[in-house]
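**Student:** The residues making up each chain are set out below.
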Amino acid sequence: MEYLQILFAPIFGGLIYGVERVVRARMQNRIGPPILQPFYDMYKLFGKEPFMVNNYHIVFALMHLLTLWIAVGLIILGENFLYVIFIHLLSSIFLVLAGYSVNSTYSHIGSNRELLSIVAYEPILILVAVGFYILNSSFDIDIIRAHSSQISLLFLLFLAFLLVIPIKLKKSPFDAAEAHQEIVGGIEVEFSGVFFEIVYMAKWIEYIFIYSILLLFAGDSFLYGSLLFFGVFLIVNLVDNSTARIKIENLLQITLTLGLLLGIVNLVFIGIGV
Amino acid sequence: MSEYVLMLIFLPLIFAVTVLFNSLRIRNIATYLFVSFLVIISLKLFFTTEIIELNFNHLVHLVFLVLDFILLGYFVYQGVKYKDKLISLFAIVQIALFIVFLQFSSTILSNDIVVDRISRVMLLVINIIGGVIILYSLKYIQSEEFKACKKNLFISILFFFIGVMNLIVTTNNIEIFFLAFEFTTLCSYILIRFRNDELSIQNARKALWMNQIGGIAILLSLLSGIYYYDTIYFDTLIQNINGLFLLPISLLVLAAFVKGASIPFDKWLLGAMVAPTPVSAILHSATMVKIAPYLILKIAPAFSPTISLAVMIFGTFVFMTASLLALGKDFFKEILGLSTIALLALMMSIAALGTPEAINICLILIVFHAISKALLFLQAGVLEKVYHLKYLQDIDYLVSRSKLIVFFIVIGFASLTLPPFGAFIGKFASIELIASLINTNIFYILPLVFILIGSVFLTLLYFKVLTKLIAQDNKVYEKISIDLTYIVTSFILVGLLCFGIYVSYLYNFMTHLEILLATVLILTTFVMLFFVNFKNIKKVSAYNCGEKDTIKLSAYYFEVSDKYKELIFYISLFLIGLIVYMGMI
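Residue numbers (the numbering used here), protein chains in the order written: chain Z, 1 to 274; chain H, 275 to 859.
These are calculated hints, taken from the structure and not from any lab test.
Among the clues, some could well be false.
What the hints assert, rightly or not - Computed list of lysine-lysine pairs in DSS-like fashion (alpha-carbon distance at most 27 Å, straight line):
(1) Z/K247 x H/K837
(2) H/K742 x Z/K247
(3) Z/K203 x H/K742
(4) H/K813 x Z/K247
(5) H/K813 x Z/K203
(6) Z/K48 x H/K742
Predicted model only: the values in this text are computed from it and were never measured.
Start from the sequences, fold in the hints, and give me the full structure.
**Tutor:** Following this line, the structure appears as structure tokens:
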């Protein structure tokens, strides 16, 4: 069962992505594409003649997809949370290297910004993991999921994690790394055809990654989980629709001050409380 | 077994003399033999499990005493010669303190040499990685414009350095520790000023006076050790330690932070960059700075909980700020240098915990940091000698010129930040360890946050350097052949890194699945990069939104303003002062 979940993770991600596009369109008073649009895109992209700039570019993109998929797989299997975060870091580094390996300004700017956004969210993710560790005395996701919801104890960390979601999902106001209108998608710009589909699919998996970490806050409760998922999903898209992009340095300032502060205060509280 | 220890300490001195007088060919062959000899002995020692203890006889002690005076006298002479008041002042203070020290004698006696597990690991690092660097310098020094005898002298000093290092990590007598400490200061002084130009001499002098602060701290620690505990040995001092009188310990911590070039004392290590590159390689990886975490490991059992926490907070603070400062640098060696300072501070803070798990983590960090840094510095040397590149902004499209060098650099950086390599495992385990301590003392959150921020800064640093390295263009570059010595020594280090993955597999810091998975991922990447050719796919040049301008790539720099640099300096000065003060009350 778990292995099936892992296998179909990109498809779930694609569905979430499809629904999201519809929801966003409705918020803007548009009808929007069909829910299955991401898969139609996929079909079309697979049919195209493949072009490549150089083989490093492709290899790193492939490894990015594979590593990210494995990270999600490890979450589903309930492995060590801290390790999952670092495997995810590895996958992000692969993407950054892919961006660097071509001789293209947009791609390089995108990679540099992606690297900076890693600086922005990585400490918060680890603080979240440490928060769970203090409560459960273990980094194992299995054990975290077996407990009842701990969101009330980790509320500030949860708020800090909310800052991470738009960074990872490339949502406004934290989407400077991709910034279509400005740097034409950043790292994505040099990919085409099948290889673009690889990067595209990795994005779907990123959805699963970030939302399954979100679900850890709900513990073993299905009800909390679905409430949390739909609530955050709506909030993220609402914010995406209603805010303007901020610069990457402001993003760093916000997460490294506000985000870290929230995390630290929360850790102090549970550290004293236990 | 004890004869092996003596061999490791004294044979390098004989080797040093031998390579001094020989022709190039004999020198090279002899060096290969000597290095393999040292490696074999250190391996043999590593696989014994007993604790080796032995004493020097009276005569050797007398020789050491005379050497102490000669050495300090030489420092005074250098100070007078270059009209450097600080050097002569510190040297004279040391002579005075040493004479005072000789007036006292202690009654609680112990062994001069004690080789425990920590020492054995250190011996392994010093002899294997130091040996590889010596082999590399055989070739490197030939490309410098020195006279033949001076080239031999270079190799000879490196051997001497290794001998002194072997002494410093095996001795249990703080007096001998002081002598060896001063000898490493001497070695670094001579090596840094090896080029003998104005800048080299200036930087060497800086290294000399800063390191003498460490010497003074050790002498004061000796005196207070005799005063409070009536002993000059590490083990008896630690056994009899009383939480009320920690001055000997906190002074040794100060000495460690001086040697480890932690932030208020960081200038000497960065100044050392002017020397030939193997000097940086050996200072940063196998010798000199590694004394710092070793010393903390050794004395950590005597720490009171407050001192341990203070050392930890200070160490992780330096880890974070040194990584931050490195983000603004453009000189390749300087980037490596600041990241060494950062990682050393991390090792020291983990060592300060003193639990068996912390000791293991610290040892893992020491070993793998040494391998990675040696590898990176060897590449810095190749870049300088073969490609005449020193600054990041000049290193464009390196991958189109030499895939191999880029491979080594990428491996070097990846091994410091990413799974499954040793240094990563050390960092991973230390986060886990500190997280488990937050329940006991809430202040551990501070080091935790410093480590998290510091390690993302380091990740940013390492991979932003790659911006220009791995970008490919379509120009055809003239092929430059790289000497076999450079390549073979680098491959040995890469091999050691891979072997390290196996070792960490044995030690269970992470589950086997976790290590295997990351290994497979990294391996697949390299196999695909080097061996898979996408022949059927049409190649196009980069789209770049149709822009036709020539592209000039550049990396990000994050310069810290002088105001904050000063602030960092004073905060760290305050923290180290606080630690010493804690010992006094």
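**Student:** For each hint, tell me whether it holds in the structure or not.
**Tutor:** Against the structure, the hints:
1. For the given pair, Z/K247 sits about 24 Å from H/K837 by alpha-carbon distance, which is consistent with the 27 Å threshold.
2. Only pairs whose Cα atoms come within 27 Å are accepted, and H/K742 paired with Z/K247 is accepted, the gap being roughly 23 Å.
3. Only pairs whose Cα atoms come within 27 Å are accepted, and Z/K203 paired with H/K742 is accepted, the gap being roughly 26 Å.
4. Using a Cα cut-off of 27 Å, the hinted pair H/K813 and Z/K247 is violated, with the two alpha carbons roughly 35 Å apart.
5. With a C-alpha separation of about 25 Å, the suggested pairing of H/K813 with Z/K203 holds against the 27 Å cut-off.
6. Only pairs whose Cα atoms come within 27 Å are accepted, and Z/K48 paired with H/K742 is rejected, the gap being roughly 31 Å.
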